[in-house]
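Engineer: Chains A and B, in that order, give the protein sequences.
Taking the working numbering, the leading residue of the first sequence gets 1, the next gets one more, and so forth.
Taking the working numbering, the leading residue of the second sequence gets 1, the next gets one more, and so forth.
Since the hints were derived computationally from the structure, they do not count as laboratory data.
Note that the structure is predicted; figures quoted are calculated from it, not measured.
Certain hints may be false.
As the list claims (entries may be wrong) - Within a straight-line C-alpha distance of at most 30 Å, the following computed DSSO-like cross-link-like pairs (lysine-lysine) qualify:
1) A:K5 - A:K70
2) A:K5 - B:K165
3) A:K175 - B:K49
4) B:K49 - B:K84
5) B:K77 - B:K49
6) B:K165 - A:K60
7) A:K60 - B:K77
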Amino acid sequence: MCPEKDILSAFFDGELDERFVSMIEAHLSECDSCREILAGFEDVRTVLHDAEIPDCAPSKRLAWSFLSDKFSSLYPRPVWKRRLLIPAPAMAAVLLLVLVLGAGLMVSIFNRRDDFGFDTVTRTHFENVQFASFEQIIEYLDARGNGGALIFTLPQDTRLQYLSEPTFIKAADYKRGRD
Amino acid sequence: MGKNQTKPGNFEYVYDITYPLLYRIAFRITGDENISEDLCQEAFIRYYKRVIPLPDQDQARYWLIRVVKNLAFNHEKRRGRELKANYKYSKEFNSPTRSGETELLRNESARIVQRALKKLPFNLRTAIVLREYGDLSYRDIAKVLGISESNVKVRVFRAREQLKKHLDEEEVDVS
Chain A
1 MCPEKDILSA FFDGELDERF VSMIEAHLSE CDSCREILAG FEDVRTVLHD AEIPDCAPSK
61 RLAWSFLSDK FSSLYPRPVW KRRLLIPAPA MAAVLLLVLV LGAGLMVSIF NRRDDFGFDT
121 VTRTHFENVQ FASFEQIIEY LDARGNGGAL IFTLPQDTRL QYLSEPTFIK AADYKRGRD
Chain B
1 MGKNQTKPGN FEYVYDITYP LLYRIAFRIT GDENISEDLC QEAFIRYYKR VIPLPDQDQA
61 RYWLIRVVKN LAFNHEKRRG RELKANYKYS KEFNSPTRSG ETELLRNESA RIVQRALKKL
121 PFNLRTAIVL REYGDLSYRD IAKVLGISES NVKVRVFRAR EQLKKHLDEE EVDVS
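Chain A extracted, bound-state conformation:
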């Protein structure tokens, strides 16, 4: 008995469940009309693929120049100032920002190049700052200016809790949820 034609079509695309592939292959070895149907699929595929398509290179260049102009006017700020949204549950993922250069350290590393190739600047204080979002970190760094070593640590007690598997949601729904 012949399989349904859409099964043959799935077989043709290599999308048929493995369990049934050998059954179909066995049937095809004995059935002319099913083989003909498959041949028809093959011929349609050949015609589709042989049909020319315009070269996309000019269009790609044109589209890019249009996009570049559009984006530079929409987003003049440097990329790292772009708003990044971090899905941070309230209980978890609070980042500590610590400037570490205590007195003891000061003596041993004064005027010595550290591993990062910078001359070490001594400080006598450290700050322990908490942030609730990445944006706040960026703002803080902006305000501070250059220099210093920053260490990010997660809280000792990991209050991370599993909420759910990540899912994609529409941007509009996310914005609505935030408001």
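With chain A held as given, fit chain B onto it using these hints.
Structural biologist: This is chain B only, laid out in the frame that chain A set:
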């Protein structure tokens, strides 16, 4: 590509590697290179403006394809309304001088294929285009179109069946 774009480098990368595929899909769905270019541009604008960035290239690709498909659908709906309103243009689909469509399609069989594809209902056309030109699996097509894999299988098959009929009518040597 310019160095002074303000978007992270991966946007340019995604654009570079995805544009040809997107254009190919748009062209096969719409049959018009100008429209295809517009659709691709719009899709990348929306991608750039995404609030939540996508985790990897595959997700970016599927997302862009879905946007192009939706834009193509809207365009076709609008076009259908315009054609109904302007009856004298209703023969446009059969005219070989439609702008953007035939400028580069010098190959007659390419025109025939495009005409045959255009005769398919949008849902079937999209499924077969994603399969044959997007090289997507049934699973990925299902994700892009928001339907079941079983539905994809049926649509691809029906598209093949109808295409064969249309191509036979055009006396293209399909057998």
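Engineer: For every hint, state whether the structure bears it out.
Structural biologist: Results for each hint:
no. : hint           : verdict
1   : A:K5 - A:K70   : violated, 49 Å
2   : A:K5 - B:K165  : holds, 15 Å
3   : A:K175 - B:K49 : holds, 13 Å
4   : B:K49 - B:K84  : violated, 35 Å
5   : B:K77 - B:K49  : holds, 25 Å
6   : B:K165 - A:K60 : violated, 34 Å
7   : A:K60 - B:K77  : holds, 26 Å
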